[in-house]
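Participant: Sequence:
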Amino acid sequence: MPELPEVETVRRGLAPAMEGARIRQVQLNRENLRFPFPDNFGSVLEGARIKALSRRAKYLLCELDNGHTVIMHLGMSGSFRLIEEKAVSTPGGFHLPKSDIAKHDHVKFHLEKDHSNLLVVYNDPRRFGFMDLVQTEQLYESRFLAELGAEPTGNAFDGNMIAAMFSGKAAPLKAALLDQRLIAGLGNIYVCEALWRSGLSPRKPAGRIVNRNGSASKKCDMLAVAVREVIAEAIEAGGSTLRDHRLADGSLGYFQHSFQVYDREGDDCAKPGCGGTIRRIVQSGRSTFYCPKCQR
DNA sequence: AAGGGAGCCTGGCGGC
DNA sequence: TGCCGCCAGGCTCCCT
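Numbers given in the numbering used here equal positions in the first sequence, counted from 1, plus 1.
Rather than coming from a laboratory, the hints here were simulated on the basis of the structure. Keep in mind that this is a model prediction, so the values were computed, not measured. Beta carbons: idealized from backbone N, C-alpha and C, even for Gly. What you were told as hints is all true, and nothing was included just to trick you.
Listed next, the in silico DMTMM-like pairs over lysine to aspartate or glutamate satisfying Cα-Cα at most 25 Å (straight line): (1) K109 with E85; (2) K205 with E152; (3) K170 with D159; (4) K52 with E138.
Label pairs and their computed distance ranges (CB to CB): (5) H105 with H258: 22 to 30 Å; (6) S218 with I102: 53 to 61 Å; (7) E138 with G277: 48 to 56 Å; (8) N156 with R213: 23 to 31 Å; (9) A171 with P39: 37 to 45 Å; (10) E20 with G274: 43 to 51 Å; (11) R213 with L29: 50 to 58 Å.
Produce the entire structure from the sequences given, and follow the hints as far as they go.
Facilitator: Right, here's the structure in full:
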């Protein structure tokens, strides 16, 4: 479920319960997800207290009080469930009632907070997600975070920044916006939506929206605004829920009802007076949805 | 050197 | 009903 707004929604769902909690036990139901779990994963986590749950791009960062931070990525299909203590509590934490045990539950974090037990379960059918452990001091030099580009929610993100990033680029706008080394956190859905909102074709070479002298054109400004807005609105809506993914508390995000182009091939373009039809094309192996009439 | 494609996995859906 | 191919929100690696 995971582009930036979904990860942020997960973070907001888990943080109140997890921050300040102590990790009693970590249960790994397999030795790897996309990558192997680090050897010391359990030993470093168990007994530690969670200081903060934050986010960078699509990564969840769980800072512990022992100098380590857990880096987590949800891949394509990862999700968390938060389960409050139930009747089946034991001295070692508690176990899921049979009805709550799901296929592909790969990691269970048994937590204790304010004398009650919590269970945080990570489920991931496709196992493209992963978890890693780094020294908090070197967090931003770690291999996953070091290369990341601008946070599209940040104050510095504007048309000038886009101009600097896209200047001279031959890659299509779609690919440039998906490049995590430039802007970090956008995925297939929100890129399609942002391009539609800004009236720009996903096929247009990224460098061509930049002024000849390298400064920000009107198009750069409009694109920056569209990206900021679509991300902000999606976070506000609790992200998008596709294929029945749930949020940590079991509820559903509803931004998918606001999609104007994503997965809407054949629909009329929603832009007033446009009259175009949404089309699906494939760019670098992935679906792009756009309106050929008003996106130029 | 940047850009495109395959590969990693499982599950759900539509077509026959 | 069953089987098959295609598709899916991400990322890394390898090739040109």
